[in-house]
Structure formats: C-alpha cells, structure tokens
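Chain by chain, the residues:
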Amino acid sequence: MTETLPPPRRDRPEPTFRGTPPFPEAAKAALANGQLRANLGRATATIRTKRAAVVEERADWEALRLAGAAIKDEVMRDLPALLAQLEERVTAAGGTVHWARDAAEANGIVASIVHDHGAGEVVKVKSMATQEIELNEALRLEGVDVWETDLAEMIVQLGHDLPSHILVPAIHRNRAEIRDIFIDEMGNVGRPAPAGLSDVPAELAEAARLHLREKFLRARVAVSGANFAVAETGTVVVLESEGNGRMCLTLPEVLITVMGIEKLVPTWRDLEVFLQLLPRSSTAERMNPYTSIWTGVTPGDGPQAFHLILLDNGRTDVLSDTVGRQALRCIRCSACLNVCPVYERTGGQAYGSVYPGPIGAILTPQLRGIAKHPVDKQTASLPYASSLCGACFDACPVRIDIPEVLVHLRGQVVRHSEATHRLPTPEGAGMGAAAWTLRTPRRLSLAERGAGLGSRVFARRGMLRRLPGPGPVGGWFRARDLKAPARESFRAWWRRTDGGRGGD
Amino acid sequence: MRIALFITCYNDLLYPEVGQAIVRLLRRLGHEVAFPAEQTCCGQMHFNSGYQDACIPLVQRFVDAFAGYDAVVTPSGSCASMVRRYHPLVAGLAADRGVDAGLPGRVATVSPTVYELSEFLVDVLGVTDVGARFPHTVAFHPTCHSTRLLGVGDRPTRLLAAVDGLTLVDLPRSEACCGFGGTFAVKNADTSVAMGLDKVDDVLGSGADVLTAGDTSCLMHIGGLLSRRGSPVRVMHLAEILASTGADS
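Residue numbers (my numbering), protein chains in the order written: chain A, 322 to 825; chain B, 285 to 533.
Hints were generated in silico from the structure; no laboratory data involved.
Among the clues, some could well be false.
What the hints assert, rightly or not - Below are the BS3-like pairs computed for lysine-lysine, each with C-alpha atoms no more than 30 Å apart in a straight line:
| # | chain 1 | residue 1 | chain 2 | residue 2 |
| --- | --- | --- | --- | --- |
| 1 | A | Lys349 | A | Lys698 |
| 2 | A | Lys349 | B | Lys471 |
| 3 | B | Lys471 | A | Lys693 |
| 4 | A | Lys698 | B | Lys471 |
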C-alpha cells in the first residue's frame with residue numbers, strides 16, 4: 322500500500338452538548354428559529370405517516386411489541402450471565418472483549434487500540450454509544466482524526482454542528498443548507514465538493530460518496546456501535562441504510578465496536594423479533610437496506626482484528642431502579658421523537674444530550690445518575706420536558722411507558738431538592754400549600770370563596786389577563802388569558818340550592 | 285343505582301357550570317346524582333409534578349368520599365385516568381412507606397367505579413342520544429388522557445352526533461396534544477404556547493364556532509389563547525352541550 326499524505330486536521334474542537342441551558346430556556350431559543358420549526362415539522366410529519374402505514378400492515382404488531390419488551394426484560398434479568406456468555410463466544414471466535422465502566426475507560430481503550438496499530442485516523446459507522454461517551458472529541462485530543470461516514474452524521478460533523486435526532490441527526494437541516502455546508506467544508510478535510518454542486522438530492526449524495534470513498538479506502542481502523550449482539554454465538558449486528566456501515570465493517574484491518582451492555586439478545590430467535598420491530602419503527606421500512614452480521618474474526622476476510630468494548634457508563638445504575646429500568650429496553654429507533662409534540666417544535670438539541678426527545682428525557686437523567694444523587698439543573702429539567710400526552714408510549718416498539726418513567730423521575734428531582742434545600746423552593750412551597758388546602762373540603766371551600774372574591778375585582782368578562790402581583794405562574798399570561806375563578810364554586814352552589822332542587 | 289359526581293377541584297373552582305350541566309343532564313335521563321361533600325382533589329397535579337407523597341392523603345380522602353357508590357361520574361378524562369391508573373400506584377407507595385397498609389385494597393374497590401362522562405353515558409347508562417339540542421357548528425378535541433390513558437375512543441363523538449341541530453366538523457390533527465400538560469403549561473410556557481397556537485390554528489381552520497372536549501383543563505388552555513386573540517370561538521365542555529336543550533344557547 323502506498324503511503325498517502327496525512328489527512329488535513331480540522332482546526333476546531335468537536336462541539337459537545339456541555340453547557341446547554343435547562344430545557345425551557347433551550348426550547349425558547351429553538352422555538353424562535355422559524356427555519357428549524359419548518360424543517361422539523363415537515364420531516365416528522367412525513368416519517369410519522371410512513372411509520373403508521375408500515376405498522377398498520379402488521380396484524381401482529383402488538384404481539385411483536387409485547388415480545389420485544391419481554392425479551393429485553395429477560396436480558397435485564399440475566400444480564401451478568403449473558404454478558405459472560407457473549408464474552409466467551411466472541412473470544413472463542415478470535416475477537417477481544419474489553420469492559421469499560423465509564424466514558425473515560427471506553428475512550429482510553431479505543432485510543433490505545435488505535436495507537437497500537439499506528440493509525441492516525443478512524444472511519445466511523447453512526448453509533449449512539451460512541452456519541453454518548455464523546456469518543457470523537459477524546460480521539461481528537463489523542464491526535465486521531467475521526468470521520469463520520471453516515472450521511473447525516475457527516476453533515477453534522479462537517480457543519481461543526483450537533484445532532485438533533487437519533488436516526489436522522491441532521492433533521493434540522495434542509496437541502497440548501499446541506500449544499501452550502503458541503504461547498505464550504507468538504508475541501509478542508511478531504512476531497513472538495515464537485516464544482517457547481519446543486520441541492521438536488523442525487524447530486525448531494527454523489528458528492529458525499531466521492532468524499533467518503535477516499536476515506537473508506539485509506540482508513541486502517543473503523544469504529545462502530547452495535548444494534549444487537551447475540552449472546553449464544555457472540556455475533557454482533559449493525560443495521561443501516563446507506564452501505565457506509567458495510568464499508569467500515571469490512572474494509573479496514575481493525576474493527577472496534579463500542580456497545581452498551583443492554584444491547585444483548587439471548588438467541589437468534591430473539592433477534593428475529595427486533596429485526597421486524599426496528600426498521601418499521603425507525604425508517605418506516607419493512608427491512609433496512611443493509612444488515613451486517615459478524616462473529617469474531619474470519620481469516621482472510623474482513624478485519625483481522627476485532628475488539629468489542631462493553632460499556633456500562635451508568636447502565637447498571639439504571640438497572641437498579643425498578644421503574645426506570647424499562648428505559649434500557651430502548652432499541653434507538655426514534656419513533657418516540659417523531660410522534661412527540663414537544664420534540665416536533667423544539668428539535669433535539671434543546672435536550673442537551675445525544676439522546677433527545679421522550680426517550681432522552683428519561684434516559685439521559687438516569688445515565689447521569691439521578692436515582693442516586695442530585696443532578697445539575699439542565700438534567701433535572703429533562704423529566705419535565707413533556708406534556709405527558711402519551712404519544713411516545715403508543716409508538717414505542719418495546720412498550721417503554723415513558724410517561725410513567727417521566728413522572729417517576731420528577732419524584733426523584735423533588736426528593737433531591739427537598740433533601741438539599743433547607744427551605745422549600747417556591748414551587749415546593751406552592752405545592753405544599755395546595756396539598757394543605759386540598760386536605761379538607763372546609764379549607765378548599767374557604768380558598769374557593771377567596772378566589773371568587775378576587776375574581777370580582779380582577780376579572781373582565783370572566784377572564785383574567787394577568788394575576789395581581791408576582792407569582793410562579795406568570796408564564797401562563799404571556800400569550801394566554803385565564804378563566805377566572807367562579808364567583809360561586811360548584812360545592813357552594815350545591816349547598817345553597819340543594820343540588821339545584823331549590824332553584825338556581 | 286347510586287351515582288356520585290366527582291366534580292374535580294378545578295371544575296369546582298373554575299367551571300361550576302360543567303357540574304351543573306351534568307346534574308341537569310342526568311336528571312333529564314332519570315337519574316339522581318349525589319355530591320359527596322367530603323371530596324376535594326384526585327391528586328394529579330401533585331402526582332405528575334413529582335410530589336407523590338403529598339398525594340397519599342388526597343387518595344385516602346378520595347376513597348373515603350366515594351366508597352359505597354355504584355358509579356362515580358366525572359367531567360374529566362384526565363382526572364378519571366389519574367384515579368383509575370395511578371391511584372393504585374399511590375396506594376402502593378402508602379403501603380410501602382408504612383403509612384396506610386389498607387389503602388391498596390380500598391383503592392382497588394373504588395377506582396374501577398370511576399367513569400369519565402362519555403364512558404358513563406355510553407357504557408353504564410347505555411345511551412348515545414341524550415335528547416340534547418345544540419344548533420351550532422362544533423369541533424371536538426379528543427384530549428390525550430381521554431384517548432390514550434382511558435381509551436374513550438369514539439364515545440364522545442357518538443354522543444355529539446346524536447345531538448339535534450349540531451354540525452360536527454373535522455378538527456385537523458385532532459390527536460395532537462394541545463400543549464396544556466398541567467404544570468407543563470407554566471414550567472415550559474413557551475413550548476406549551478407553541479403547541480397551543482398550532483391547535484388554535486386548526487380550530488380556526490375547522491370553521492367551528494364552538495370547540496368542545498371532555499376536559500376543561502385543555503379547554504382552559506386553548507380558550508385562554510383564543511381569548512387573548514380576541515377570537516369569537518367559544519370553548520364548552522361536552523357536558524354543557526349534552527345538557528343543552530337549545531333554549532339556553
């Protein structure tokens with residue numbers, strides 16, 4: 322092989338989600354971006370409709386969902402034994418298994434493997450686990466260039482941007498924006514965009530193909546995630562749509578796979594269920610175009626060194642929470658994002674995590690340890706980033722009751738707050754006062770009478786345009802009026818008229 | 285049949301006319317309804333906001349107030365779902381904490397007797413034509429907790445379709461959340477308003493002069509946005525339409 326010139330190093334650090342403000346604030350900024358709203362609205366509406374159609378054609382969809390949930394619950398129950406079985410089978414097939422407690426350990430293992438092989442760059446298949454541990458940034462600090470090869474992931478990387486969707490990370494970009502990014506950025510890191518590039522999808526895809534091919538043919542090390550790993554044979558499975566995964570998984574000499582420990586399935590029979598659930602839920606396809614399946618190393622065919630890194634990074638903490646652990650069933654399909662009315666309007670970056678949307682709102686706080694200790698304000702805001710409409714639970718192919726977990730995590734936020742503050746927060750004080758009032762009908766009657774009197778003073782045609790004085794509910798009035806309390810409550814009316822029998 | 289009305293705290297305070305409409309409606313159908321004066325609140329606001337322990341006394345009060353009735357009818361799909369789906373969880377918490385070991389048993393007796401209005405009319409009383417007259421163009425918002433948590437399905441629209449003089453128009457994207465979400469409306473006010481304004485656009489586009497639903501909480505949010513816009517479209521609870529005889533509207 323002829324020695325090629327080292328690839329040009331990118332001059333900026335990889336962006337990360339660190340420093341994202343709490344959800345309400347981040348959402349406010351996103352809501353003000355009209356282009357983002359339009360792109361997201363169009364994209365999520367399209368994929369919602371397509372998903373509904375392919376799910377509709379399966380009469381046994383509910384049975385598949387139940388099976389998916391049951392298999393994942395079985396994996397959680399038998400995780401230690403299944404992981405040991407996986408390690409044994411992968412090792413027997415010529416692979417090497419590494420165990421990583423956290424992001425730093427996992428990144429360190431990847432870096433040392435890359436250095437051992439004397440490589441200065443890696444190509445990557447899109448992987449949530451490696452984004453979670455911020456592998457790209459860690460490798461850059463080690464002097465290793467990292468090339469994302471999934472089209473949307475490459476758009477995000479070239480644009481010095483952050484992903485906003487699990488499956489379609491550049492969902493917030495439209496064609497014209499993508500064309501501009503290609504023209505401005507491709508030449509800085511490899512083969513430039515063809516002259517006169519338009520925003521026709523086929524031309525954009527061809528530009529990406531030419532740019533990436535150079536990297537596929539040159540790279541000696543690839544990094545992937547895993548959609549599934551079959552414990553009984555030590556087999557790893559990656560599903561994708563573009564063929565970039567197949568290139569990464571077969572061309573380089575060394576393959577490193579970073580996999581969350583919950584990605585296991587016990588047997589091939591179990592895998593069959595997920596190969597039906599995942600494509601329909603994610604890309605709204607009956608089957609995804611490329612499914613790569615490998616077991617260890619095959620002499621003379623494909624990568625001759627295979628390293629599997631099993632990543633905990635908070636997962637065993639999640640497992641210890643009997644309500645929250647259902648989040649570990651997640652197969653990263655992103656159906657919950659596409660049906661979420663909050664996500665549809667704010668986009669994914671507002672969640673401040675590689676896991677956005679409803680699943681992110683329950684997974685991120687748990688991975689960051691909310692069950693055990695108080696978390697930062699941004700993390701604590703995530704369980705509240707939902708109207709609890711329940712559309713996510715309906716769409717989830719493994720029946721994660723996301724609203725149930727959201728409410729459960731809100732309880733943990735409140736308990737941490739009560740434990741760490743000597744005085745109650747304004748919200749806590751308000752909730753305490755409300756609970757006190759609601760404890761007896763007599764207190765409630767008195768409060769209702771007071772509110773009714775206030776109404777006589779402040780209401781106009783039965784509506785309030787604001788509340789007198791400052792209050793925790795001020796946000797209500799920015800765009801909304803409020804129905805004023807009735808002058809006579811129902812219970813007062815009932816008492817006065819004997820339930821209407823004594824006249825109105 | 286012994287029927288009790290669970291008015292819910294915010295209908296009690298903000299929308300007493302909804303409770304009065306249910307009383308009128310049931311009386312017209314030949315049923316007396318009791319109002320147990322000991323009732324206060326189902327505890328949903330506390331439960332959903334993370335104050336689950338504060339919920340325990342409210343659930344204790346609820347089961348005490350409504351024990352012994354054959355059916356409890358309520359004008360809120362959201363509160364009905366709190367009672368049917370989440371009171372058992374709160375009761376479990378009370379038992380785990382050693383606060384009230386008997387609460388799960390009492391909840392298991394009372395919770396299943398609680399019905400949202402359209403469920404009560406269609407499933408318990410077996411009526412869809414309640415003899416109402418309401419000569420208006422009406423759009424129906426199916427509210428998330430009524431549909432996804434309770435599964436009321438087409439019961440409300442069957443009731444509306446049988447109302448004399450009423451023209452029911454399609455609400456585009458009706459299944460989309462209006463953005464109320466309890467304390468979400470305040471904690472995430474900007475997102476809540478963005479969702480609500482899209483709902484308002486759909487309501488205005490539907491050509492309805494009245495928007496109805498089985499929950500005044502969602503209607504309070506959508507109605508508050510309509511009011512601020514100066515829109516003449518009115519929001520009314522399903523009960524008010526079903527109680528109407530045409531004379532009062």
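Checked hints:
1. A:Lys349 / A:Lys698: OK: Lys349 of chain A and Lys698 of chain A at ~16 Å, within 30 Å.
2. A:Lys349 / B:Lys471: holds, 12 Å
3. B:Lys471 / A:Lys693: Holds: Lys471 of chain B and Lys693 of chain A sit about 24 Å apart, inside 30 Å.
4. A:Lys698 / B:Lys471: With Cα atoms ~13 Å apart, Lys698 of chain A and Lys471 of chain B stay inside 30 Å; holds.
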